[in-house]
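We have chain A; now place chains B and C onto it with these hints.
Protein chains in written order, with UniProt numbering: chain A, 1 to 272; chain B, 1 to 272; chain C, 1 to 272.
Please keep in mind that the hints were generated in silico from the structure rather than gathered at the bench. Certain hints may be false.
Since copy identity is lost for identical chains, a pair holds within one copy or between any two.
[To be verified] Below, computed lysine-lysine pairings styled on BS3-like, alpha-carbon distance capped at 27 Å: (1) Lys17 x Lys3; (2) Lys74 x Lys85; (3) Lys136 x Lys85; (4) Lys136 x Lys112; (5) Lys84 x Lys108; (6) Lys112 x Lys74; (7) Lys136 x Lys17; (8) Lys84 x Lys74; (9) Lys85 x Lys108; (10) Lys74 x Lys159; (11) Lys118 x Lys84; (12) Lys182 x Lys17; (13) Lys183 x Lys108; (14) Lys261 x Lys16.
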Amino acid sequence: MIKELYKLDNILLEIKKQKPLVHHITNYVTANDCANIVLALGGSPVMAESIEEIEEIVSEASALLLNLGTLTEKAVQSMIIAGKKANILNIPVIMDPVGVGASEFRRKMVEKILKEVKVSVIKGNLTEIKNIYGLKEKGKGVDSANSNFSYEEKVELAKRLAIKFTCVVVVTGEIDIITDGKKIYKVKNGTPKLTQITGTGCMIGSIISTCCGVTNDYLLASTLAILIMGISGEKACNGRDGIDIGTFKVKLFDAINNFSKEDLARGRIYEG
Amino acid sequence: MIKELYKLDNILLEIKKQKPLVHHITNYVTANDCANIVLALGGSPVMAESIEEIEEIVSEASALLLNLGTLTEKAVQSMIIAGKKANILNIPVIMDPVGVGASEFRRKMVEKILKEVKVSVIKGNLTEIKNIYGLKEKGKGVDSANSNFSYEEKVELAKRLAIKFTCVVVVTGEIDIITDGKKIYKVKNGTPKLTQITGTGCMIGSIISTCCGVTNDYLLASTLAILIMGISGEKACNGRDGIDIGTFKVKLFDAINNFSKEDLARGRIYEG
Amino acid sequence: MIKELYKLDNILLEIKKQKPLVHHITNYVTANDCANIVLALGGSPVMAESIEEIEEIVSEASALLLNLGTLTEKAVQSMIIAGKKANILNIPVIMDPVGVGASEFRRKMVEKILKEVKVSVIKGNLTEIKNIYGLKEKGKGVDSANSNFSYEEKVELAKRLAIKFTCVVVVTGEIDIITDGKKIYKVKNGTPKLTQITGTGCMIGSIISTCCGVTNDYLLASTLAILIMGISGEKACNGRDGIDIGTFKVKLFDAINNFSKEDLARGRIYEG
Numbered sequence: 001m002i003k004e005l006y007k008l009d010n011i012l013l014e015i016k017k018q019k020p021l022v023h024h025i026t027n028y029v030t031a032n033d034c035a036n037i038v039l040a041l042g043g044s045p046v047m048a049e050s051i052e053e054i055e056e057i058v059s060e061a062s063a064l065l066l067n068l069g070t071l072t073e074k075a076v077q078s079m080i081i082a083g084k085k086a087n088i089l090n091i092p093v094i095m096d097p098v099g100v101g102a103s104e105f106r107r108k109m110v111e112k113i114l115k116e117v118k119v120s121v122i123k124g125n126l127t128e129i130k131n132i133y134g135l136k137e138k139g140k141g142v143d144s145a146n147s148n149f150s151y152e153e154k155v156e157l158a159k160r161l162a163i164k165f166t167c168v169v170v171v172t173g174e175i176d177i178i179t180d181g182k183k184i185y186k187v188k189n190g191t192p193k194l195t196q197i198t199g200t201g202c203m204i205g206s207i208i209s210t211c212c213g214v215t216n217d218y219l220l221a222s223t224l225a226i227l228i229m230g231i232s233g234e235k236a237c238n239g240r241d242g243i244d245i246g247t248f249k250v251k252l253f254d255a256i257n258n259f260s261k262e263d264l265a266r267g268r269i270y271e272g
Numbered sequence: 001m002i003k004e005l006y007k008l009d010n011i012l013l014e015i016k017k018q019k020p021l022v023h024h025i026t027n028y029v030t031a032n033d034c035a036n037i038v039l040a041l042g043g044s045p046v047m048a049e050s051i052e053e054i055e056e057i058v059s060e061a062s063a064l065l066l067n068l069g070t071l072t073e074k075a076v077q078s079m080i081i082a083g084k085k086a087n088i089l090n091i092p093v094i095m096d097p098v099g100v101g102a103s104e105f106r107r108k109m110v111e112k113i114l115k116e117v118k119v120s121v122i123k124g125n126l127t128e129i130k131n132i133y134g135l136k137e138k139g140k141g142v143d144s145a146n147s148n149f150s151y152e153e154k155v156e157l158a159k160r161l162a163i164k165f166t167c168v169v170v171v172t173g174e175i176d177i178i179t180d181g182k183k184i185y186k187v188k189n190g191t192p193k194l195t196q197i198t199g200t201g202c203m204i205g206s207i208i209s210t211c212c213g214v215t216n217d218y219l220l221a222s223t224l225a226i227l228i229m230g231i232s233g234e235k236a237c238n239g240r241d242g243i244d245i246g247t248f249k250v251k252l253f254d255a256i257n258n259f260s261k262e263d264l265a266r267g268r269i270y271e272g
Numbered sequence: 001m002i003k004e005l006y007k008l009d010n011i012l013l014e015i016k017k018q019k020p021l022v023h024h025i026t027n028y029v030t031a032n033d034c035a036n037i038v039l040a041l042g043g044s045p046v047m048a049e050s051i052e053e054i055e056e057i058v059s060e061a062s063a064l065l066l067n068l069g070t071l072t073e074k075a076v077q078s079m080i081i082a083g084k085k086a087n088i089l090n091i092p093v094i095m096d097p098v099g100v101g102a103s104e105f106r107r108k109m110v111e112k113i114l115k116e117v118k119v120s121v122i123k124g125n126l127t128e129i130k131n132i133y134g135l136k137e138k139g140k141g142v143d144s145a146n147s148n149f150s151y152e153e154k155v156e157l158a159k160r161l162a163i164k165f166t167c168v169v170v171v172t173g174e175i176d177i178i179t180d181g182k183k184i185y186k187v188k189n190g191t192p193k194l195t196q197i198t199g200t201g202c203m204i205g206s207i208i209s210t211c212c213g214v215t216n217d218y219l220l221a222s223t224l225a226i227l228i229m230g231i232s233g234e235k236a237c238n239g240r241d242g243i244d245i246g247t248f249k250v251k252l253f254d255a256i257n258n259f260s261k262e263d264l265a266r267g268r269i270y271e272g
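Here chain A stands alone, though its shape is the one from the complex:
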């Protein structure tokens, strides 16, 4: 366990107290789950992407999440306008580059956004993180591809990307890596079940955003988010590896909804 544990508690409490408004510009496949996850933690979600209102909506928000799931050129325009406004207002911007390895279009759009918008957190699986860094690796659809990087190589990549964009980088996988380029946390919680329902990746983005909405310590906020999803996944399984996905999804929402500081004791989190 890490010594900053008490700070994680505090973020959990602040979410309940402040009810951060999390502005999502996101995909239609997992939007409902993402909205419910924010509510489950105590935050308040809003999904809006019309250019005509995007600046006004984000101005009220505590965090802005840019999720590229079902990307359109129009949504990218909105992302950039909202992102710039968020930058001016010091609202953290979280980027979830879903499936960026799956098409040249996505690569270009992510590049464009990252050129115009200062992001606080980039969250992706290894293929996505590689592609953002410029290492082209073809993803299969929007899900994680197996990648032949060693753990050390992953950490090195994450650190470099974090330094390149002066942001926190989260690489999800069997071992999750969270770094700001200097400090590194690794988290070993979770269950393969989390990869067997759609949207858990997107939901992690929503949880990171909710946590970042109440603190300036985006490294800890992102680490907490990873712990919440991993530990809640374990609780939802409750030792039953054979749990089926209908029931698992219901129990995952339950677990996230009743997540408390006691649950943090299950965290398998390490520094370095």
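Just chains B and C now, kept in the frame of chain A:
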């Protein structure tokens, strides 16, 4: 309890008998839940918004629901065309001005729709209702804001709005208010849990539309809808305030699916 | 039971082994359920519809599903581009003409797609299948209308459509019909509950696509898909006709997730 109880029974029966087709022009976040809620009651949902087909689709419908959740300029065009057609065909139009307080764009779009389309029911939380009436109050995202109106002021506002647009107005909240400008019903059912999952507001719009699809008494239809959601929410909790949202959502759908006239006895509904 | 049973087993195994990527161009109402169904079987879903990336995405896919649920002109463009690319690459294209009877726009769009794209499977309810064949019958929304065709007439229609487009045709209903124009299978599994939640039709499209992603025998693949949905529906009910839709939907996902060759023994499938 109110003396019109037997009429509420009748609406429930007619839904099962007539299977009203409810045409939704709505947001992508809660569309799935809204479709399932209509089915749960015995109606039939259709979501369609392409301008090329909107008149033909609405012509077959028993009710038209305009939900502004993830509003676009294009959707507003479709809403107006569909709304005008519904007006000609005497199909009730239900307006759910989601988050109208959250942006000037939404305020303008709602104004535009209300200028061109005669609506039968407007349903919103207090912030939304205030904004439609012209009292600008900044909402936080799309969820209800706390508002410092007394109960009497709320009723007065609802009545005035109902008179202004010659329609039924539903103001949701701890006490729900339903009025046509003359008669007033208030409903005290429900549970805070209903505000902790996304989409219950949208679903109320779908239930109102389903009920309005089988009767001309939109005041009673809207009142029944409010009772269905409130009582089903209570049944889903089953006394367990600590129920988590994954399980709660499943049980809410169950409760609405098996809602019967016996459940109406749990209604805490008052006149005046 | 049919003698090809062992082949059905094999398709189930191949899905787990190959994890076929199923590219959906689909509607926002049921997209989440469709993604989860593909995952439940062992496949991998991707939803993408931007013209800029559609060719690149489909090139990696094992099957392409065109679902017309919430149709737009823009989506049709993407469907045609993706469909043509799939044809070149020998990737099966599955067409689910949701609500094609509900508007002239849909009829024209389906016609346009079928003129430009060679499809491997067309799946619809009787009203939809009639409309594709050119027999105009007004559907009520996107759900199945009652139709006064005898069983023999249905089979005849399905065969003719299959011959017309040299593809497999699946007509869903109380008795499901699957034919390639020569061979005919009929399946008598299922439960009325499956028509009481939204998206089961769309999900069948996703299951067909997943199965077609690992075999060239699209007739057997489609038959297996119909068996999976019907038998899983029965398992989800578990003899309780009164099961409510919240619980039913959870159990349906569970049943599809743990579907195994042993379950195939419950198949009420007949030739001819």
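Outcome of the hint check:
{"no.": "1", "hint": "Lys17 x Lys3", "verdict": "within (24 Å within a copy, 43 Å between copies)"}
{"no.": "2", "hint": "Lys74 x Lys85", "verdict": "both (17 Å within a copy, 24 Å between copies)"}
{"no.": "3", "hint": "Lys136 x Lys85", "verdict": "between (30 Å within a copy, 23 Å between copies)"}
{"no.": "4", "hint": "Lys136 x Lys112", "verdict": "within (16 Å within a copy, 37 Å between copies)"}
{"no.": "5", "hint": "Lys84 x Lys108", "verdict": "both (18 Å within a copy, 24 Å between copies)"}
{"no.": "6", "hint": "Lys112 x Lys74", "verdict": "both (13 Å within a copy, 24 Å between copies)"}
{"no.": "7", "hint": "Lys136 x Lys17", "verdict": "between (43 Å within a copy, 26 Å between copies)"}
{"no.": "8", "hint": "Lys84 x Lys74", "verdict": "both (16 Å within a copy, 25 Å between copies)"}
{"no.": "9", "hint": "Lys85 x Lys108", "verdict": "both (21 Å within a copy, 22 Å between copies)"}
{"no.": "10", "hint": "Lys74 x Lys159", "verdict": "neither (32 Å within a copy, 41 Å between copies)"}
{"no.": "11", "hint": "Lys118 x Lys84", "verdict": "within (8 Å within a copy, 39 Å between copies)"}
{"no.": "12", "hint": "Lys182 x Lys17", "verdict": "neither (31 Å within a copy, 40 Å between copies)"}
{"no.": "13", "hint": "Lys183 x Lys108", "verdict": "neither (30 Å within a copy, 48 Å between copies)"}
{"no.": "14", "hint": "Lys261 x Lys16", "verdict": "within (13 Å within a copy, 38 Å between copies)"}
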